[in-house]
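Starting from the given sequences, assemble the full structure and let the hints guide the process.
Below, each chain spelled out in residue letters.
2 protein chains.
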Amino acid sequence: MPLERLSFMTCESLTAVPLPRNEPPPRIQIQRVEPQVDCGRFPVKRTIGAEVVVTASIFRDGHDVLGAVVRYRPPGARRWREAPLEPLGNDDWRGSFVVDACGRWTFTVAAWTDRVASWQDEVRRKLDGGQTDLEGELSEGQALLGAELSLEKLLAVDAQDRHGEVELELRLGVDVERVLARFGAWYELFPRSFGGFAGVEQALPKLAELGFEVVYLPPIHPIGETNRKGRNNALVAKAGDPGSPWAIGSALGGHTAIDPELGTLEDFLRLVASAREAGIEIALDFAIQYSPDHPWLTGHPEWFHRRPDGTLKYAENPPKKYQDIYNVNFESEDWRGLWDALRDVVLFWVEHGVTVFRVDNPHTKPVAFWEWLIAEVRRVEPGVVFLSEAFTRPAMMTTLAKVGFSQSYTYFTWKNRKAELEELMAQILEWSQFYRPNFFANTPDILHEYLQRGGRPAFEARLVLAATLSPSYGIYSGFENCENVPVREGSEEYLDSEKYEVKPRKLDGELLPLIRKLNEARRATPALQRVDNLRWLDTENAQLVGYVKDDVICVVNIDYAAPQEGLAVLPVQVGFPPAFNVRDLLSGETYAWRIGRNYVKLAPGKAHVLRVAS
Amino acid sequence: MPLERLSFMTCESLTAVPLPRNEPPPRIQIQRVEPQVDCGRFPVKRTIGAEVVVTASIFRDGHDVLGAVVRYRPPGARRWREAPLEPLGNDDWRGSFVVDACGRWTFTVAAWTDRVASWQDEVRRKLDGGQTDLEGELSEGQALLGAELSLEKLLAVDAQDRHGEVELELRLGVDVERVLARFGAWYELFPRSFGGFAGVEQALPKLAELGFEVVYLPPIHPIGETNRKGRNNALVAKAGDPGSPWAIGSALGGHTAIDPELGTLEDFLRLVASAREAGIEIALDFAIQYSPDHPWLTGHPEWFHRRPDGTLKYAENPPKKYQDIYNVNFESEDWRGLWDALRDVVLFWVEHGVTVFRVDNPHTKPVAFWEWLIAEVRRVEPGVVFLSEAFTRPAMMTTLAKVGFSQSYTYFTWKNRKAELEELMAQILEWSQFYRPNFFANTPDILHEYLQRGGRPAFEARLVLAATLSPSYGIYSGFENCENVPVREGSEEYLDSEKYEVKPRKLDGELLPLIRKLNEARRATPALQRVDNLRWLDTENAQLVGYVKDDVICVVNIDYAAPQEGLAVLPVQVGFPPAFNVRDLLSGETYAWRIGRNYVKLAPGKAHVLRVAS
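Chains as they are written, first to last, in the working numbering: chain A, 1 to 614; chain B, 1 to 614.
One thing to keep in mind: the hints can contain errors.
Repeated chains share a single entry, so a pair holds when one copy, or any two copies, can fit it.
Derived DSS-like pairs (lysine-lysine); straight-line CA-CA distance at most 30 Å [to be verified]:
| id | residue 1 | residue 2 |
| --- | --- | --- |
| 1 | K206 | K506 |
| 2 | K418 | K549 |
| 3 | K313 | K126 |
| 4 | K126 | K549 |
To be clear, the hints were calculated from the coordinates, so they are not data collected in a lab.
Written out as structure tokens, the structure reads:
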């Protein structure tokens, strides 16, 4: 029996499609323009000197010949430039332009019909098909190019005809930053453990010689006294406990003041200048939180969260309480005054020579605030690098990157098994147009169980993974000493955490030689300065993590207890010769390797970082 | 030595981010709303009665509790409706609405902070954490909901608070069509081979009994005489040769006239009405091309392509010539008059009861023309179904679908090997939000080598594949007779093609019983009425194509020369019980099958179409 027909009399009308008044609508379709993020809502990221490769799908009805360009405009420029897009076949087109200045570049795509090339293509096909009567074709060519031209001349003209040009309305952005936004080795230290700014200054030559680009300091401001935390996060501090640097503000000042225990503003400026001379940048911690003694609580109580009875609310993530911390209310009535004041804190330090900021927990502050603040700061100083410390779900992590954070902490510390690392890198590669990773191997908050259990071999393995998988990576003081005692079993907090007490430090850890070699290898090897060139290698051993990045092959034994043997299987697609030499950038040794199966044996935690001899 | 620093003094300023004047910018982020096509530029497609499942990524800073809805509006409605979105975790939300009318629906997403639920969540966590001093929390709850309420009452309120609501600016579309746009069996026949419209009318009961929903007729208009093609595409027709129906137009009229060889307009209207009574729709062929005798060439010469000397240009795809065909110029000065006239041709037939059009070669006409024309026709009659016959590259095929074609021919005829079918279906599934396939197994232009070499077994296999893989499929007259002689070796053209001569037909092919069973099975089995529920099965035999669609399992032996045996491996994920019965919808036989490996043996070209007993 026939299928029951639903009456189409219930159908309502569709929206009409309005036509333009004079010219018919454009015939050329421009689709799938890359690179773009979220339909062009956000820019992609590049660093200065990069080649931005643009692709698009461009076509029209019939078989006319098209031409196309990418139109691009550097920051602040009035005029657009053009670079050609070349047809690759199947309606795919490709071109590029180089971004040789920092700031926001804009680009779009335009295409047209080349009537002359179309005519020439038609005539050549007819000639190839043996046609001899071409009177009509000749008259058409002459109508396009000139009545006196012969067929041969018409076929030879390169007329660059542009008919019916279409330009995409969409404007796509490229945020171009300096190289440090993508590539650098970071060292985190507490100045109070080095003898204040003066002590850090003395450590600079060694840090430079170790090859660090950034020295990152937790907050350097006066620390609150009320509700100060004691050693090992004790609820009540004892006399002499220095408190957490993140409990910012006291009678001595707030976010634009300096903890006198560390030195004076002049000491700090001298540190920044000396660092710069040594090729190192000082990164400050921007933490939007307030101890009970911070000047703003009395100066601007209207900027803070309060209970109906007027009392201020300290920070919470129930059931956890942070009695030493108060948070501002981004929707307070004077939100504009608050936002301006926060921006001005950052600009204060920018004016004093700081151009790298590690931002504490940005995911507990509005996304729109960060988008605005980062743009405001970059208007004054476009080279400022912002590192997002947001350990949260992917949607927020990626959105913070999209709105302007130059780079971001990742889940790296929790990804220790091979499959976990593969999953992590797949996610990072998916995000690589707008999210730059920084692989800190440890932080004052995160001492992973793998390091706790594994001792030195674990530290070595994680150091090599961090330093080779990611162009930006970091370690926190003590990593080089293989410091790995947690406050209690099952915790990721350090015993006697430096967050709550001074730990006098010298740069004397057993891992320093390995760190030096890795940083030297990274600086000398372009393959290690990007994240998107990763290709996993089969090793036939779940404890051997193998990968190749252009001309660098890495194999890491992530078993901290036992030696492991296996393979590094190099497929033909890596493009190496059938046999070739490699030099281990860590040991200096040379080996003969080949496409196909290469035998590998590594002691616990050891690794090969092999550069293919050119 | 330190990495060379690029001076960031070359950096230009970034674009400032303007802030709103009064309220702070919204905190809630709404991203990745699905389903959408090309950033909302095009609608997705559904058929009437479908449930549109909407998903989005919705989140904000901090840990406040959110609420969200999908807002949707039926065609022509003034007011928006709401359906809830439920949180699935990881910032993913999901909801749905049913489209119970044809036309263009619109939807978007809105979200807000539920301050009451946030407060309740905070307090519950504190209570669970053992906290007893909740004075401050109580005062907050009372400030939100009422000073007299106790803590218990406050925790029980379902306040439906909506604070800081954000609605996406983006409006997403759903084009809802009648079921025939998605599902139907098509039969293509040349009326002149059946004795004109009267003869077709006599064949209707049999076609209805065979289970066809659509009978598609090549162009029914008067055929040109000048440059008429002869049998087997001879350049010159002999006396009595009827010519190609696609060489439209003579002194007897153009696209709104009827070839008197087929009957009168009244005969046609009677055919349409009889067909509808029998549960069949007559589909017409809309071919925008003109024989040299078409009235428009003298009536509207300004609408056609001409050489500079004024002579009209016949159609070409060099080096091929189509001397019996002239094409209009969509960019002629009176393009608006031309476009209106073309629309009026379609509307003429719509007014005479035709609501299905197969469009010939739409990819050689402007995309914008189709987008406009389809919208214009649907404004008058929303239920009109348009089938796109565009054998071209994917970019154009998909764009035609996106701008409104209800369904499209595919590459099916050229995909005969297992791997080719897998690739084809993967592509179709990728496009399934906006592109509906119609698997014609043959056409007057395409007699594939597989059918030429394979004979009846090949025809049977291809019929089962077409009818089960795609909710819309078709055959062209003669398929049921296994007609398979090409005009020459290596050609896909039929010998003595019906395009150029009358072939007196009766519905008497050997495949009719199989066709009847397949169409009956399709109508009785929802699983066969959609394309996106396909799952391939491992058969351990490249000649056995196995797949499951919900409760239907198919295995087809695509080897037309030899019997084949192998397996149908059913993975656990298909959700069947460990053991179950299946009934073969083609043979009526019942078998006992199981999760895991099922033995299969099939003669050349034979297939199992098994429905799982419920």
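Evaluated hints:
Taking CA atoms no more than 30 Å apart as the test, K206 paired with K506 passes inside one copy only; the shortest distance there is 10 Å, against 95 Å between copies. In this assembly of identical chains, K418 and K549 lie within 30 Å of each other by CA distance solely inside one copy; the values are 17 Å within and 36 Å between copies. When the C-alpha separation of K313 and K126 is checked against a cutoff of 30 Å, the pair qualifies only between copies, where the shortest distance is 15 Å, while the shortest distance within a copy is 83 Å. Taking the closest pair of Cα atoms, K126 and K549 never come within 30 Å of each other, the shortest separation being 49 Å inside a single copy and 50 Å across copies.
In terms of the numbered hints stated before, the structure departs from hint 4 and from no other.
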